[in-house]
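Asker: Letter by letter, the chains look like this.
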Amino acid sequence: MKAFRRLLAKIHDINSRYREPRIEMSGAVRLSLMVLRLYLFALVGLMVYKFVLLVTGR
Amino acid sequence: MNFFSKLYYLSRKAWKAVGLYLVLAGPGIVVMVADNDAGGITTYAATGAKYGYHLIWFLLILIPVAYYVQEMTVRLGAVTKRGHAEAIFDGFGAFWGWFSLLDLMIVDWLTLVTEFIGMTAALAIFGVPPWLSVVAVIVLMAVIVLHGRYWTFEKLALLFCAFNLIYIPGAFLVHPSVRDVLHQGLIPNFAGGFNGQLFFFLMANIGTTIAPWMLFFQQSAVVDKGMLEKDIPWGRFDTLLGSIVTVVVAVFIVVVTGTVLPGVDIDSAAQAAAELMKTDRYVGAFLAIGLFDAGLLGAICISLASSWAFGEIFGWAHSLNTKIRQAPWFYATYFFMLVTAGLVVLIPHAPLVLITLFVQVIAVTLLPAALVFLILLLNDRTAVGEYCNTPAQNLVGGLIVVSIVVLSTLYGITVMFPNLIQ
Chain A
165 MKAFRRLLAK IHDINSRYRE PRIEMSGAVR LSLMVLRLYL FALVGLMVYK FVLLVTGR
Chain B
3 MNFFSKLYYL SRKAWKAVGL YLVLAGPGIV VMVADNDAGG ITTYAATGAK YGYHLIWFLL
63 ILIPVAYYVQ EMTVRLGAVT KRGHAEAIFD GFGAFWGWFS LLDLMIVDWL TLVTEFIGMT
123 AALAIFGVPP WLSVVAVIVL MAVIVLHGRY WTFEKLALLF CAFNLIYIPG AFLVHPSVRD
183 VLHQGLIPNF AGGFNGQLFF FLMANIGTTI APWMLFFQQS AVVDKGMLEK DIPWGRFDTL
243 LGSIVTVVVA VFIVVVTGTV LPGVDIDSAA QAAAELMKTD RYVGAFLAIG LFDAGLLGAI
303 CISLASSWAF GEIFGWAHSL NTKIRQAPWF YATYFFMLVT AGLVVLIPHA PLVLITLFVQ
363 VIAVTLLPAA LVFLILLLND RTAVGEYCNT PAQNLVGGLI VVSIVVLSTL YGITVMFPNL
423 IQ
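Chains as they are written, first to last, in this note's numbering: chain A, 165 to 222; chain B, 3 to 424.
Careful, some of the hints might be misleading.
Here's a subset of chain B near chain A, in silico, CB distances under 8 Å, partners left out [said to hold, decoys possible]: (1) 22; (2) 25; (3) 99; (4) 315; (5) 316; (6) 370; (7) 371.
Read the hints as simulated data drawn from the structure, not as lab findings.
Using N, Cα and C, we set each Cβ at its ideal position, and we do this for glycine too.
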């Protein structure tokens with residue numbers, strides 16, 4: 165339990181340390197990250213869909 | 003006399019350069035050769051068996067692609083002194099950082115399972131039971147990393163890289179027609195027309211040549227080795243040499259199976275080795291030894307890529323230059339990944355084919371993300387200064403990323419829904 169609390173504290177510490185991205189968020193960077201988000205949503209969505217198909221045996 | 007003194011001087015100079023390279027050689031060549039892992043050997047063996055020599059030209063195109071991608075990690079690591087995971091956390095914040103770290107962990111672990119599948123299958127050809135293979139591999143890998151010196155690990159890894167060249171004499175043993183190899187292999191063509199199956203093979207070959215863990219491994223290795231800005235030219239040469247060696251080995255595997263097993267459907271490299279045993283037991287044995295070596299080298303590098311990444315983010319000591327007492331969590335992560343992946347192979351009726359399929363799909367999900375981060379980080383002048391990407395490098399890198407995003411999306415869809423693209 166103590167170890168688990170320590171791990172959570174560490175994660176919290178990491179989150180606060182890297183709260184703000186250091187790279188300047190120019191238009192090109194924002195666009196790249198937006199396209200990446202869309203790509204990941206699409207592919208992860210497909211993976212979940214495939215997983216559902218596998219589980220339901222369809 | 004003058005001629006001989008000049009010759010002596012030149013040979014001394016050449017030996018000095020070779021000696022210096024051997025000191026600095028490592029991350030580039032190790033990561034590239036390790037990329038010819040168990041999954042890679044299977045892909046190349048299957049490509050040769052399915053398409054003969056017809057796709058050799060495509061493999062050769064992958065030399066500059068692999069070099070351009072991996073060279074960026076050399077610059078980033080040598081200049082920032084940060085591993086890839088830490089660079090992503092720092093550059094893009096915690097959200098993208100955790101995404102990359104968790105994605106890396108999942109794909110690395112699943113890939114490790116496939117390495118164990120390859121190694122146990124290779125040793126099974128020589129009659130070694132799977133449990134003994136798993137135990138022996140874990141002990142061997144402990145011996146390789148527990149020296150407390152990065153240098154020792156690297157030189158041992160280079161030794162295993164040399165074993166990867168076993169496919170070259172193997173190819174000569176099957177007496178391929180050099181004329182056919184050159185004629186069919188070097189002229190770009192799509193044997194049997196461009197269809198879903200060919201596309202699947204092309205993408206599998208790209209996927210085995212550029213993998214997400216390679217970016218994490220090489221950048222962390224550059225940092226652990228202590229490479230500086232002045233070492234970047236050597237790092238580039240090391241990476242270029244590695245990308246040539248990895249593709250040359252791939253070509254020789256294609257030549258072996260293209261000569262001996264044309265038209266045979268290959269599901270695994272172990273199956274290819276067993277098939278080759280029937281024709282020529284030496285060539286079959288070479289393929290099996292090479293498969294074991296490939297799995298071992300891949301497993302070492304993949305486990306290290308994860309341990310380095312976790313160490314960087316959690317602030318644990320994370321160097322091979324530390325003893326187990328100084329960096330317990332670093333080594334604990336390394337062995338946890340290894341032991342759990344090894345145990346999966348020993349589970350009776352484990353869905354190993356499904357695992358291999360998932361590895362491919364998750365790997366293609368991470369690859370474009372890792373490449374986008376890499377290019378953006380190399381454009382951050384405040385962090386990399388004069389070593390940031392030139393417009394030409396951005397153009398080449400951008401083209402590679404866009405191509406891989408498009409192709410990997412199609413590949414992901416093809417793997418998940420094979421009937422869709424036929």
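Asker: Hint by hint, work out which the structure violates, then give me just those numbers in ascending order.
Answerer: 1, 2
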